[in-house]
Amino acid sequence: MVGPVLLDVPLSFMHYDMIAATGRWVGLDNYRALAADPIFWQAVAHTLELAVGTAAPLLTLAVFFALVLNRRVRGCGVYGTILFAPYVIPLVASSIAWIWMLSSNGFVNEVLGLVLPVHGVAWLDSSAWALPGIMLVTIWQFVGYYTVLVLSGLQGIPHEIEEAARIDGAGELRLAWSVTLPLLSPTLLFCLVVSVIASFRVFDQIYVMTGGGPGTATMTLVFYLYQQGFAFLNTGSGASVSVILLAGLMGVTWLQLHMARRWVTYQL
Amino acid sequence: MTGRRLRRGLAAHAVLTAAAVFAAVPLLWLVSLSLQEPEAVFRYPPRFIPDRLLWSSYPSAWRAQPFARMYVNSVVTSTLIILGQIVTSALAAYALTQLRFRGRGLAFLFIISTMMVPIQATFIPAYIIVSRLHWIDTYWALVMPFVASGFGVFLMRQAFLVVPRELIEAARIDGASHRIILTRILLPLARPTVITLAALSFVFHYNDFFWPLIVTNSARVRTLPIGLATMILTEGAHGTQWNQVMAADVFVIVPILIGFVFLQRHLTPTALTTGVK
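Protein chains in written order, with my numbering: chain A, 1 to 268; chain B, 1 to 277.
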């Protein structure tokens with residue numbers, strides 16, 4: 001059902017009445033209104049923050065867990081299953097659980113209190129911590145998924161190459177950094193692109209946990225699109241946000257693929 | 001040597017145990033809260049093991065929203081979507097792998113590029129189309145937009161590509177039609193992929209929230225995630241009954257977790273290595 005996305009373009013130049021199903025051309029009015037709305041710019045910033053704040057930890061953790069799982073210790077199948085399980089749960093359900101993981105008396109603060117001399121805040125009521133809270137539930141939900149992806153990438157690496165490096169006297173860290181990671185880089189690129197696309201789509205967590213708030217602290221482009229298009233019935237404005245979302249994501253994806261030439265190694 | 005291996009093994013177990021605890025704690029906390037009094041969420045310090053188990057939250061939660069109806073809606077619409085996707089993906093993959101036609105490469109490129117579109121960017125035009133068709137608040141709106149999937153075509157094509165050409169040639173020489181080749185040779189050989197597509201698609205649509213939220217407005221067609229979200233957003237006379245919300249959360253999660261545990265042996269890892277949409 002991706003075809004309709006093309007209709008966003010004409011709609012974004014219209015004032016369209018969803019109920020009467022009529023519209024009139026208004027040129028760039030919708031875009032001008034967006035550019036003049038500070039909330040829109042916050043949504044752009046939060047979307048980018050969310051992309052970095054979920055993709056980077058997700059990939060780091062996934063590589064770490066996959067390297068450990070790949071040692072095939074006893075019971076690694078069970079560990080893998082438990083780690084993957086959150087992926088199949090409805091995000092709405094996870095978000096409800098995480099509301100009370102992140103409350104001021106919640107588990108996250110309890111655990112942090114054990115290691116750090118901090119008095120926990122109510123994450124979702126704090127404009128500084130609400131967005132990291134959204135990142136945390138997203139990481140929890142998807143870390144097992146990316147671990148499985150990286151693990152299958154690891155298992156595609158021929159044993160001979162690692163054996164040869166070992167015989168040449170490479171230590172464990174050296175082996176991981178200079179041999180395994182470069183051979184894994186195509187998988188990592190794939191995970192990076194997919195996780196950034198996924199971060200642009202985050203919606204359920206925000207709807208359930210913060211409603212874009214407090215204030216506009218967790219307003220993202222998709223949530224802004226929802227408000228404009230479906231809560232306020234500004235169809236034209238919602239369509240122009242859609243166009244920007246799509247163009248922005250295409251730009252970001254292109255940039256990642258372009259930069260990939262510098263760090264992705266393909267096996268001969 | 002054994003001492004070093006043992007230490008490394010222990011370190012691996014420590015890391016994996018920490019990861020498993022990280023994954024499991026929110027779910028255990030959910031179960032625990034569902035069995036305590038509604039105010040337990042506000043208690044400081046939090047109590048993990050309930051004093052006594054208050055099972056009454058479960059029947060109350062079941063009555064708070066028409067959950068029986070919502071189960072039916074979720075399962076029926078997800079199943080219809082899966083069936084549609086298997087049919088359309090198999091036909092498209094057949095054309096892309098077995099037939100030669102002008103623009104085949106371009107068609108494939110277009111199909112996989114759809115996997116990169118953030119789905120919500122399509123919602124405004126899709127909503128207008130669906131409402132013009134008078135499908136708002138019907139199963140049609142929940143099912144029809146998803147019966148074709150770029151991801152499904154991609155997966156199925158990968159599976160068809162590894163079937164040896166000689167097999168297809170032999171069947172063709174024996175006079176097999178396109179329909180026979182697809183249903184008797186390719187699809188049975190692609191069984192693991194079909195199962196994986198079905199499982200991933202079920203998870204995605206059973207869990208889907210944004211689209212069902214905007215195209216439904218009555219309990220008659222609403223799905224489980226909407227029921228859950230409605231429970232926290234509509235406060236009763238005594239505020240949100242958090243133990244009931246948690247109980248509802250548990251009975252929405254449990255069936256899909258059980259399904260996952262039973263099905264995971266059949267999932268092909270290669271199919272998982274491609275993003276789902």
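Keep in mind the hints are simulated off the structure, nothing from the lab. Be aware that a few hints might be false.
[Stated by the list, open to error] So the derived list for chain A, only partly shown, Cβ under 10 Å to chain B, looks like this:
1. F13
2. L59
3. G80
4. W140
5. L189
6. V193
7. P214
[Unchecked claim] Derived CB-CB ranges, DEER-like:
8. A:A165 - B:A14: 18 to 28 Å
9. B:V75 - A:G113: 52 to 62 Å
10. B:Y71 - A:D168: 51 to 61 Å
11. B:H178 - A:A45: 44 to 54 Å
12. B:L161 - A:A45: 40 to 50 Å
13. A:A164 - B:G105: 46 to 56 Å
14. A:A122 - B:I136: 33 to 43 Å
15. B:G105 - A:W177: 34 to 44 Å
16. B:Q264 - A:G113: 29 to 39 Å
17. A:R24 - B:V261: 53 to 63 Å
18. A:W41 - B:V261: 23 to 33 Å
Just so you know, these numbers come straight off a predicted model, no measurement behind them. Ideal Cβ placement from N, Cα and C applies to all residues, glycine included.
Each hint tested on the structure:
no.: 1; hint: F13; result: violated, 13 Å
no.: 2; hint: L59; result: violated, 14 Å
no.: 3; hint: G80; result: holds, 9 Å
no.: 4; hint: W140; result: holds, 7 Å
no.: 5; hint: L189; result: violated, 12 Å
no.: 6; hint: V193; result: holds, 8 Å
no.: 7; hint: P214; result: violated, 17 Å
no.: 8; hint: A:A165 - B:A14: 18 to 28 Å; result: holds, 26 Å
no.: 9; hint: B:V75 - A:G113: 52 to 62 Å; result: violated, 42 Å
no.: 10; hint: B:Y71 - A:D168: 51 to 61 Å; result: holds, 59 Å
no.: 11; hint: B:H178 - A:A45: 44 to 54 Å; result: holds, 53 Å
no.: 12; hint: B:L161 - A:A45: 40 to 50 Å; result: holds, 43 Å
no.: 13; hint: A:A164 - B:G105: 46 to 56 Å; result: violated, 38 Å
no.: 14; hint: A:A122 - B:I136: 33 to 43 Å; result: holds, 38 Å
no.: 15; hint: B:G105 - A:W177: 34 to 44 Å; result: holds, 38 Å
no.: 16; hint: B:Q264 - A:G113: 29 to 39 Å; result: holds, 36 Å
no.: 17; hint: A:R24 - B:V261: 53 to 63 Å; result: holds, 55 Å
no.: 18; hint: A:W41 - B:V261: 23 to 33 Å; result: violated, 45 Å
In summary, the numbered hints that this structure violates are 1, 2, 5, 7, 9, 13, 18.
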